[in-house]
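Line order of the protein sequences matches chains A and B. Residue 134 in our numbering is what sits at position 134 of the first sequence, and the numbering runs on without skipping anything. In our numbering, each number is its position in the second sequence, counted from 1, plus 378.
Hints should not be assumed to be uniformly reliable.
[Said to hold, decoys possible] Keeping only pairs whose Cα atoms sit at most 30 Å apart, straight-line, the calculated DSBU-like set for lysine-lysine is:
| id | chain 1 | residue 1 | chain 2 | residue 2 |
| --- | --- | --- | --- | --- |
| 1 | A | Lys21 | A | Lys202 |
| 2 | B | Lys522 | A | Lys78 |
| 3 | B | Lys456 | A | Lys225 |
| 4 | B | Lys456 | A | Lys220 |
| 5 | B | Lys522 | A | Lys43 |
| 6 | A | Lys200 | B | Lys456 |
| 7 | A | Lys200 | A | Lys225 |
[Stated by the list, open to error] Quick look at which bits of chain A chain B covers, simulated, 3 or more residues with Cβ under 8 Å:
| id | segment |
| --- | --- |
| 8 | 27-40 |
| 9 | 313-327 |
[Said to hold, decoys possible] For the chain B half of the interface with chain A, some residues (derived, Cβ under 7 Å), not all of them:
| id | residue |
| --- | --- |
| 10 | Ala430 |
| 11 | Ser433 |
| 12 | Gly436 |
Just so you know, the hints here were simulated from the structure itself, not pulled from any lab data. We treat Cβ as the ideally placed atom computed from N, Cα and C, and that holds for glycine.
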Amino acid sequence: MWINMGPQHPMTHGLWNLRVKIDGEIVRDIDPEMGYLHRGIEKISEDRHYNEIITLMDRTCYVAGIAWEHLYIQAAEKALHVVPPERTLYLRVLVEEMQRLASHIMWYAAFVQDLGLMSPFLYGMRDRDLLLDHFQSFTGGRLTYEYMRVGGVRNDLPPGTTDRIRKTMDWLMDRFAEYDRLCLGSQIFRTRCDDLGVLKAKDCVTYGVTGPMLRAAGVKRDLRKDRPYAAYDRLEFDIALADTADVTARYLVRMEEMRQSVRIIRQVVDWLDHHPGPVMAANVPRWLGAPYAPIGHEGYLLKRHYSKGVGLSAIEEPHGEATAYVVNEGGEHPYRVKFRSPVFVNLSAAKSYLVGYHVADIPPIMGSVDVCVGEVDR
Amino acid sequence: MAEEGVGALLRGKLPDAVLTVEPFDGTLGRVTFAPSHALEVFRAVRDDLGFAHLSFVGGIDWVAEREVVYLLWSDERKAYLLLSTRLDAKDAHVESATPLWPSANWHEREAWEMVDITFDHHPDLRHLLMPDGYAFHPLLRSFKLHEPEELEVKTRRV
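Work out the full structure, taking the sequences as your base and the hints as a guide.
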């Protein structure tokens with residue numbers, strides 16, 4: 001018998017439909033139905049100026065907006081032959097890691113709530129708000145930031161931000177220990193997570209699964225280390241790994257990743273304190289309406305036809321490997337923009353880690369995938 | 379590994395299939411191959427060169443031609459390789475990569491519905507993001523988005 005879990009279901013975290021073929025309580029087959037949140041971001045991008053697409057990137061993944069801005073902006077800069085200044089690279093790492101923390105905490109809150117534990121949800125949302133406060137202080141937004149620009153970032157940090165970030169990091173490190181006590185010490189949590197949704201290393205590679213799911217199976221692949229971008233090659237951190245490849249392992253990997261993010265952020269704020277400098281490349285406009293600026297205004301430059309180019313960028317987004325492919329044919333708009341969403345691929349492999357388990361196991365397993373439908377459907 | 383090392387290796391193995399090898403920023407190179415030899419190229423790249431992870435498959439409409447781009451990752455080399463092939467727009471079809479890399483499944487379904495490229499021997503080529511029976515291919519250049527409509531505001535003279 002086929003049943004629908006979705007499009008409105010507490011397990012889905014977004015609009016999509018998981019069709020499940022069941023035999024009693026056992027899952028025999030599944031078929032995800034996507035597209036409920038398809039907004040045609042790749043198509044709309046073909047009618048937008050390069051800086052205007054940043055606005056769309058925040059809507060691509062609504063819990064990791066700034067990571068997607070970073071992904072797009074790197075590809076756009078390569079396609080347009082723009083080189084950002086060094087301080088920008090560190091600022092981008094800072095916001096990407098803070099976004100990773102916010103995204104993982106959001107995942108933690110939602111995932112544990114799916115298991116029926118309510119208080120971790122409240123703690124998680126409380127701690128994520130501290131990060132959003134920082135974002136608000138220098139981007140103006142709490143969810144959709146529009147912070148990155150072709151050639152840099154919109155503005156530098158306001159005075160005192162680095163100290164406030166340090167304080168938040170100290171607070172968060174204590175909270176992570178608390179999270180672990182709440183979850184790993186809970187019999188309910190362990191019963192619902194251990195040995196579920198197992199996807200071994202070999203299958204992960206075959207199905208193209210990336211991110212915490214891949215590292216939970218013991219595969220040491222992290223684009224921040226393997227193919228460093230921005231300033232990651234100058235920062236010290238470890239790749240979080242686990243080996244049991246089940247839901248608990250994914251929890252452990254994400255928790256360790258958050259600790260590593262804190263480690264990265266502490267190094268970055270130290271660097272930022274001692275290396276002032278410009279945050280925009282010269283002669284590149286920083287405001288979004290710039291392409292319509294009159295001739296002679298600084299904002300006119302993006303209207304200039306840049307020589308052709310193709311830009312490819314890949315980042316380790318909170319959910320896994322995200323890539324962007326931007327084709328610049330010399331016009332005002334990109335000719336084609338293609339995004340690879342990590343969740344898109346992780347979800348396409350769902351059959352391999354859901355079949356054979358019980359229907360009641362689907363919420364914890366899908367929770368451990370960290371589905372963000374915004375970036376799947378784009 | 380030298381910049382065009384992998385491409386040259388592939389060209390040596392399959393001289394008929396590989397058309398061009400050029401450097402591409404951020405990857406080991408960009409290899410263009412003839413669509414009729416797609417399966418041989420996929421096999422050589424996966425089994426002999428060790429690119430076990432297929433990152434994405436994307437379609438690009440160049441009006442007269444359609445391009446399919448494959449991005450591959452090798453854990454041993456810790457680098458990307460870009461494959462590309464050009465198809466005639468009138469009869470755009472290429473062998474599916476899904477039997478070799480299951481991760482291509484949804485990407486190919488998307489390229490099929492968005493850019494109208496048929497992937498031969500794909501196990502499950504049907505709509506993914508668009509509703510079943512949707513007759514258009516939105517990412518073709520011929521599919522125009524509507525211009526924003528101008529709203530004429532008439533104010534009454536007092």
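Task: Given hint lysine 78 (chain A) paired with lysine 522 (chain B) - CA-CA distance at most 30 Å - done: holds, 27 Å
Open item on the list: For the restraint on serine 433 (chain B), tell me whether the closest CB of chain A is nearer than 7 Å.
Closed with: holds, 6 Å
Task: Restraint status (C-alpha distance of lysine 522 (chain B) to lysine 43 (chain A) at most 30 Å) - done: OK: lysine 522 (chain B) and lysine 43 (chain A) at ~9 Å, within 30 Å.
TODO: Grab the minimum C-beta distance from glycine 436 (chain B) to chain A and call the hint holds if it beats 7 Å, violated otherwise.
DONE: This hint holds: glycine 436 (chain B) lies near chain A, its Cβ roughly 4 Å from the closest one there, short of 7 Å.
TODO: Take a quick look at whether lysine 21 (chain A) and lysine 202 (chain A) sit within 30 Å of each other, Cα to Cα.
DONE: Roughly 26 Å between the alpha carbons, so the hint for lysine 21 (chain A) and lysine 202 (chain A) holds.
Open item on the list: Quick check: do three or more residues in the segment 27-40 of chain A have a beta carbon closer than 8 Å to a beta carbon of chain B?
Closed with: holds (count 4)
Open item on the list: Given the hinted pair lysine 200 (chain A) and lysine 456 (chain B), is their Cα-Cα distance within 30 Å?
Closed with: holds, 21 Å
Task: Holds or violated: lysine 456 (chain B) to lysine 220 (chain A), with C-alpha atoms at most 30 Å apart - done: Distance ~11 Å between lysine 456 (chain B) and lysine 220 (chain A) Cα, so the pair holds.
Task: Holds or violated: lysine 456 (chain B) to lysine 225 (chain A), with C-alpha atoms at most 30 Å apart - done: holds, 10 Å
TODO: Against chain A, run the beta carbon of alanine 430 (chain B) and see if the smallest gap drops under 7 Å.
DONE: Alanine 430 (chain B) check passes; min Cβ-Cβ to chain A is 5 Å, inside 7 Å.
Task: Within 8 Å of chain B (C-beta), three or more residues of the segment 313-327 of chain A - done: holds (count 6)
Open item on the list: What's the verdict on lysine 200 (chain A) and lysine 225 (chain A), does the C-alpha distance respect the 30 Å limit or exceed it?
Closed with: With Cα atoms ~22 Å apart, lysine 200 (chain A) and lysine 225 (chain A) stay inside 30 Å; holds.
The structure meets every hint from the earlier list without exception.
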